[in-house]
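Trainee: Chains as they are written, first to last, in the working numbering: chain Z, 22 to 339; chain G, 72 to 545; chain U, 56 to 764; chain F, -1 to 285.
It cannot be assumed that every hint is accurate.
[Claimed, not checked] Under the rule of at most 25 Å between Cα atoms (straight-line distance), these lysine to any residue pairs were calculated in the SDA-like manner:
hint, chain 1, residue 1, chain 2, residue 2
1, F, Lys109, U, Val506
2, G, Lys294, F, Glu246
3, G, Lys222, Z, Arg100
4, U, Lys276, U, Ser125
5, F, Lys109, F, Gln172
6, F, Lys192, U, Gln522
7, Z, Lys66, G, Thr74
8, Z, Lys254, U, Ala206
9, Z, Lys254, U, Thr202
10, U, Lys507, U, Gly437
11, G, Lys437, G, Tyr385
12, G, Lys367, G, Lys525
13, Z, Lys254, U, Gly234
14, G, Lys300, Z, Leu182
15, G, Lys525, G, Ile176
16, F, Lys192, U, Ala558
[Stated by the list, open to error] Covered stretches of chain U, as calculated for chain Z (at least 3 residues, CB under 8 Å):
hint, segment
17, 178 to 184
18, 190 to 203
19, 272 to 279
[Claimed, not checked] Far from chain F, by Cβ distances over 12 Å, these chain U residues were calculated:
hint, residue
20, Arg337
21, Asp390
22, Leu400
23, Thr460
24, Asp625
25, Ala748
The set of hints was computed from the structure by calculation and includes no laboratory data.
Quick caveat: nothing in here was measured; it's all calculated off a predicted structure.
We put the beta carbon where it would ideally sit given N, CA and C, even for glycine.
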Amino acid sequence: MFAYILTRLASLALILVVMSVLIFLVTQAMPGDVASMIAGQFASKEVVDAIAVKLGLDQPLIVQYGRWAGGILQGDLGRSLVLEQPIGPILMEALARSLVLAVVALAVVAVVGIALGVLAAVRRGKLTDQMVSGVSYLGIAVPDFFWAIVLVLIFGSYLQLLPTGGYTPISEGFLPWAAHLVLPVVTLVMMLLARIARLTRSSMIDVLQTNYVKFARAKGMPESVVILRHALKNALLPTITVLAIDFGLILGGVVVIETIFSYPGMGRLLLFAIQRHDLPLIQATILIVSAAYCLANLTADLLYAFVNPKIRHGMRAS
Amino acid sequence: AGTLKVSVDSNLNTLDPAKMKGGQEYVAAYLIFNGLTVIGHDMTVKPDLAERWEHSDDLKTWTFHLRKGVKFHNGRDLEAEDVVATITRIQDKATGSTARVNFEIVESMKALDPATVQFQLKSPYAGFAELFGERQARIVPRDAVDTLASKPIGTGPFEFVSFSPGDRVVLKRNANYFEEGLPKLDEVVVRILPEAAAQVAALTTGELDLVWNLPLEAIDKVKADTKLKVDSVPTSTWDGVIMNNVVKPFDDPRVRKAVAMALDKQTITQIALFGNGTPTHSPIPPSHPYFNTDLKIAKGDPAGAKKLLAEAGYPNGFEVTLHTPAGRATRERLGLAVRELLKPAGITVNVQRVPFDVFLKDIEGKAGFYIDGFFSRPTIDTSVYPWYHSRGSWNTALWSYSNPKMDALLDGARQAKSEDEAKSLYTQVQALAVEDSPGVIPYVINHINGLNAKVKGFQSHPMMFLDLRNVSVD
Amino acid sequence: MMTAPQAHPTLQPAAAPAVTPAPAPLLDIRGLTISYGNARGTLRAASDVSFAIRPGEVMGLVGESGSGKSTVAMAILDLLGGGGRVDAGEILFDGVDLRRLPAAERRALRGDRIAAVFQDPFTSLNPALTVGRQIAEPLIRHKGLSTRQAAVRVEELLAEVGIRDPRRVAASYPHELSGGMQQRALIATALGCEPKLLILDEPTTALDVTVEARIIDLLAKLCDSHRLSALFVSHNLGIVNRICETVTVLYGGVVVETGRTGRVLSRPAHPYAKGLVAALPRITADRRHRLPSIPGTVAKLSGAVTACVFAPRCPFAEETCRSQPQTMRMDEAGDGVRCWKADALADTPWPDEESGAARPPRALPQRSAPLVEVENLRKIYGANRSILPWLRRAGTVAVDDVSFTVGRGEVVGVVGESGSGKSTIGRALLALTEPSAGTVLFDGADLTERVKRGDQELRRRAQLVFQNSAASLNPRKTVGAAMDRPLVLAGKGDAEKRRKTIAGLLTRVGLPAAYADRYPHELSGGERQRVNIARALATNPDFVVCDEAVSALDVSVQANILNLLAELRDEMGLSYLFITHDIAVVSHIADRVLVVYGGTICEEGPIASVLRPPYHPYTEALLSAVPRLAEDGQETPRILLEDAAAAPGGRGCAFAARCPRKLGAVCDEQAPPVHETADGHRIACHIPLATLAERAAVFPELMEGDARH
Amino acid sequence: MTDATSVRSVPRRLNMSSLPGSLIVGIVLLAPLVVAAVAGSWLAPYPYDEMNILSRLQPPGPDFWFGTDEFGRDVFSRTLVGTGSSLLMGVAATALSLLAGVPLGLVAGYKGGRVGETIMRAMDVLMSFPPILLGILVLAVTPPAQWKAIAAIGIVYVPQVVRLTRAITLELMQEEFITAARLRGESATYILFKEILPNIWPPLAVEASLRVVFAILLGASLSFIGMGAQPPSSDWGLMISEARPFVEQAPWIALCPGFALAIAVIGINLLGDGLRALLDPRNTGAH
Ligand SMILES: Nc1ncnc2c1ncn2[C@@H]1O[C@H](COP(=O)(O)OP(=O)(O)OP(=O)(O)O)[C@@H](O)[C@H]1O
Ligand SMILES: Nc1ncnc2c1ncn2[C@@H]1O[C@H](COP(=O)(O)OP(=O)(O)OP(=O)(O)O)[C@@H](O)[C@H]1O
Ligand SMILES: [Mg+2]
Ligand SMILES: [Mg+2]
């Protein structure tokens, strides 16, 4: 197990190194450049060049990369060229907000999605099953931005129940904080629920047909115990994978939802950086997102082991 | 008294006025900083940090006398050296200020004493005082320029408290503000809400007090709400159909003329602005006394355009790509309207949206045919000269239009000694601009703010500034 | 030589009146009719099934695969899944009709008064919960024990089923236990609430013979000591013979015969039962014998029973059989048979059409070079020499220094417990895995080397018949397509010619040529295995490895396939490496046999010699564990092996850790010497040959046969 | 191999009653969309890009069945004409991801070891790139075009297809029919594409149907940030995205393409489920 984690961490480090080079090269290949962005409309070439020199953009790529990577190794994510601020605090703030969104949304998705999936599996072919499918279809059939707008209109404009956007730190009180999260979370849930529910349903159906479930029934266990204790734990593996992927997705930014709900998370930060061609900001953001994604995957794999002792065993062996 | 919550629709790149590019940023600039002069609601120049100013007869030496007792937010007194430092910084190419071109005219400057600063110009310029009303020419403390982008210090009515990119800028009342009893508000929160629907919803729920530059689609809704109101003012901010005069087929004036003829400006104003603007000939708005009322606004004459095209060697029209910057709804609509209106004239337009950074780098000044737009300028000269004079800064980059007659008219207007002289010259400029059609300027836009009825004392500014000095919320 | 069962002169006349009132049955099933329904229609899985189990009695339920055994067992438990429905009948438990009880009350009975153990311990335990917790569940549920009390009881129970370290086992997860231990844990679960009725659905099928023997002994003991009644579902007649007092034979969802075990198995009255008993391979020294088999397959029933269900396959069937449903005729002793001709056929054995016919004796192999030569074969799995220290691993030794030969036209059997390396040897022979050391010569050439060089020609001469007939055919290819490929690869003619070849091959293995268009799922297990064999033959091989090729099959189907393989050997001179864990099967088909344990060959020799003393201690245990029918001879005492504590390995004898005759340290520390006798019989053991030869024969009847010859 | 005994991926006797129900419903839902995709511009009552300033933002009525948008364009006609490009977006992007992902997944699963590891780690890298950035990169190098959006989305989904394919391949590798194939001397290519691939189709059909849906939606999201389809095209995603500001004032602008999208999504999903069942030779019509 320990060896397994070590191996995984080593490969994670390797991935991040590869990613850093890739990110660096790829962002360099992006059209547009920050100097002309800063110079603005119709800046003459000398102006753009002057800015480029000032920002050190004229140096060879390898030097730029070395400086960047060296800084990151020392925990310095660099300075945003456009915002003229150190990237670290900005990024961490956005990350924290995305994290909040991801954790809350995924908690809801996991609980509701798994519950719906289990329900549908248990009542396979019955009305409940079809209703669950129906609801999940509705969730994926309509683009997230459409849901988002409809929610804004209903809960913001008409019912005036919830704030329509923005973010309030929890330090300003739990209720305002929670109120600002409701709509983005609901939209995300609509978007992600279907997959989780369907996945849980199908693996639950498989597990419900296994011998050990039958044996649990033969022991006279009531259905609730059979389903929750015996079946569910074993049915969760694929669900966990997808949850981890979704976690990475939300951390990486759900631009559309963040935009509509004015949620200052990673997605909008990245989009901002891309639109302003702020390379250090783009690079740092993607690197952090990648790292977060890899960590989410690792966590999922460790969760597997927690859920399934056999895999724990396999980890020790392989 | 109270807190005013106002929204802008896009993130602020910087709080350093010299580097500002967008309307949202100017909102902050106007609240935090002052210029030597200010453009008033009536579009005339007024004293701001400079109490008064005088110029030599040849219009080449300008002396400004600073107001006494003005303090920066950090407590230091404003001095003439700060003005010199501010302008020097703008002139530095590496700063990347778009106001740099304005101050190219300055030969030299010096602080005569802590309260007096003098400028020597390369050529006579009557509108020099107005240049200090420009958005980027905010006076900044010379010892704190490096942190302006994230921690701006100015002399303005509000002091900077915090900026969280993508989320909000928080400002508080400047207790030492030099205008007695102003500002009235204790606090201003500028929130960044990119989605129009969210802005309007927030305004309805009272989460916001004011929506700066209200999305056009939402005007009807805000108007319908009795708790809300709409405040609007005509501006000389314009969008244009840019034709590069050195790129085929637009190097032929007949082609440009044909395009201009085919475009029905009234219709375009309807489509792009839902009527919230006024058709015009040039950046001079119809509300301005210099506006040429004799000229007819183009009504759209595809037949005439076809004829001209045939003369220019395009009897069957041609196909062309029109670039529009992505995310600017009005300009995107303008692009689609152009596409539609040029169709009967035989011109096939392929609209192509381009991300803004790419637009800046690869389209503006390089492509043949695109949609662009410009904020209103403080003076008629700054609104016209750079676009139409053959050495005008925008012109050389935008459409490379060159007509000696136009140059003569514009140079003359700069030194015009009387209003009438200036008016007559500018009237001819407009006629020539329509005749040569270096590009098509279909309209000037109304600046519209949506606000809660409880916001008192607010007036929309034709320069799209957010003037909150007299505003209060109860 | 097997003989047909003789009619017993003391059989009571069917009409004799009852003398002693039988005790009221604990479980009384009356007229149980069960069907599975889905969109395709309904399938009658049990029709009018009636039988009774008296208190303290163990009843065997036997019958071909698919005859409805599990269905009946599950119906008692109310666990018929997937569209199964009881249409009619009563299930009286202690006089109460379970079917009338509300679901909750039935559930309360389950695990408490009626407990169950299923076939496969590996899948019956939840991989995510500790074994102790799973055993404790019913105790907490039904007996209201606290978690702590339950934990104490769990350890008692585990100890009772013979687990030496109950505490550790209770804290383990299923995958950490061996199959035998898992099955014991299941039995402990079932016994926990002291049930009155135990339902055992093939509880040992998935286990090794040696482990199986232990479990069966344990069950017999427990049933006895707890005065348990049990329904024992199995198709293994030997085990039923060992443990059951009475037996009920199902065919096509219908009870065709029921009675006391000894009577039914020695003198079956119903034609199907006759066939079943006859098809069972016996330990025998006469490997020229063909097994009797029951031709055809079970007909699936959907409607009401209108004829004898066995009539289509019955060699004694007459017109009446096909037009009239049969009734069960019971006598007082509780024996019953559902065949109107039973009395008339009482003395007629199952027809053995082939055994009588004279077959040309196969030419004995010439003394030429052997076809396959294996020398010092070693295979280590999972060794890793990584630069990263935490990744380095020594790996498992699957095969440890094995040498043997297979002659042309020879059948070499390989027996040994699960994991002993049988399959690995087979795979190495076919160049499917690369040996870690040693050489495999095929017809004098190094096969692995050839294959590596891209020469597939030699490889085609060595083929494999798999255990799992379903997994070895691509479900998305028709039989024809599967068989076509080898021909295409061998460049055997155009499409038309190949089709002819395929038809010929199918006919050769006894399938209609039209089967070429079928998909694997449209075939029965036996048919699929035939297709497998036909496919292996398509390349015209000289050598076929049969890896548990008949283990998954029903006795009657197994008999069929064994006959087919023997025929092919005789006619085409094929050589086989026959891997199995069934000694009877090996004794039936093999010329020579290798007994492997822990990756080493512990005994090797002609089959007749291996079955007779001297025995290697492991061979002796293995042979003693073979379940037998009563008529096959006296039950000899079983040599029960402890569960393996650790994987075999190290310097000494692989079997040392479990050897009941272990001498001492020498066994652990020195590789055993090989004793060889004149006829090529070799035993690797520290115990002197003479001492080994002193042991009594496990199959005394073979010794008699010896004397006779 | 084209003779009588060649591989058949669908069962022989195809009759209506043996078709899975979900397949039939899926086809019924998708049929009109396919017709619209092929013949949309002929069927449309108005040109998709014709502006009619006098009748902008008209509610549904006899002239404009589903109303008009802010340019006075007929929403119904636009939806009809947009069918092609919207479906193309989903189908082509999915096809691309399958085309790239399936072989990679097969190889990763078959080869294992270093090759497999390398492929999987490369996929991890690709997967941890935020999809939008990939989209922007592909789209921004040169002017946006639909095929580029398709390429971007296709690439985004490659890792997921690889993962799925690899997982199934690994499972199938345990099956003995693979051993049988090796034993008769088949090449790796044959085993991968003729033995394994046909068994991957059913789960892949389900996955692909989900992918098509996600691709359409991601295309819409790209439109949202101005990267996907270009105006005045009437791609559904673009239409719905452009209708946002008018949701209150003129909800019908979003309704028609939204409806079409929902039908497509449900239809494609059902089709996927049905195909899985159909591709399974064990299918006997029971579902
Ligand atoms: N869930 C089900 N749906 C439909 N048919 C079924 C189902 N379960 C079993 N059957 C069918 O019912 C018949 C009896 O099955 P059952 O499992 O009782 O046989 P069995 O005697 O236990 O066989 P085996 O020895 O192989 O375990 C078989 O033909 C089987 O195909
Ligand atoms: N691919 C593999 N990787 C690692 N270990 C393996 C592999 N295949 C087999 N083994 C191990 O090698 C040993 C011998 O396995 P093998 O399959 O040859 O046994 P077997 O005698 O055929 O058993 P069974 O009767 O269960 O089929 C076992 O301990 C097994 O766990
Ligand atoms: Mg069974
Ligand atoms: Mg094996």
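Trainee: Determine for every hint whether it applies to the structure shown.
Mentor: Hints, one by one, checked against the model:
1. F:Lys109 <-> U:Val506: holds (17 Å)
2. G:Lys294 <-> F:Glu246: Measuring from Cα to Cα gives roughly 14 Å; hence the hint holds.
3. G:Lys222 <-> Z:Arg100: Holds, because 15 Å separates the two Cα atoms, which is no more than 25 Å.
4. U:Lys276 <-> U:Ser125: holds (24 Å)
5. F:Lys109 <-> F:Gln172: holds (13 Å)
6. F:Lys192 <-> U:Gln522: holds (23 Å)
7. Z:Lys66 <-> G:Thr74: violated (44 Å)
8. Z:Lys254 <-> U:Ala206: Holds: Lys254 of chain Z and Ala206 of chain U sit about 22 Å apart, inside 25 Å.
9. Z:Lys254 <-> U:Thr202: Within the cut-off at roughly 21 Å; holds.
10. U:Lys507 <-> U:Gly437: holds (21 Å)
11. G:Lys437 <-> G:Tyr385: Distance of about 23 Å is within 25 Å: holds.
12. G:Lys367 <-> G:Lys525: violated (42 Å)
13. Z:Lys254 <-> U:Gly234: holds (23 Å)
14. G:Lys300 <-> Z:Leu182: holds (22 Å)
15. G:Lys525 <-> G:Ile176: Not OK: Lys525 of chain G and Ile176 of chain G at ~46 Å, beyond 25 Å, violated.
16. F:Lys192 <-> U:Ala558: holds (23 Å)
17. 178 to 184: holds (count 7)
18. 190 to 203: Holds, because 4 residues of the segment 190 to 203 of chain U bring their Cβ atoms closer than 8 Å to Cβ atoms of chain Z.
19. 272 to 279: violated (count 0)
20. Arg337: Holds: least Cβ distance 30 Å, greater than 12 Å.
21. Asp390: holds (42 Å)
22. Leu400: holds (39 Å)
23. Thr460: holds (21 Å)
24. Asp625: At roughly 24 Å from the nearest Cβ of chain F, Asp625 of chain U sits farther out than 12 Å, so the non-interface label holds.
25. Ala748: Fine: 41 Å to the nearest Cβ keeps Ala748 of chain U off the interface.
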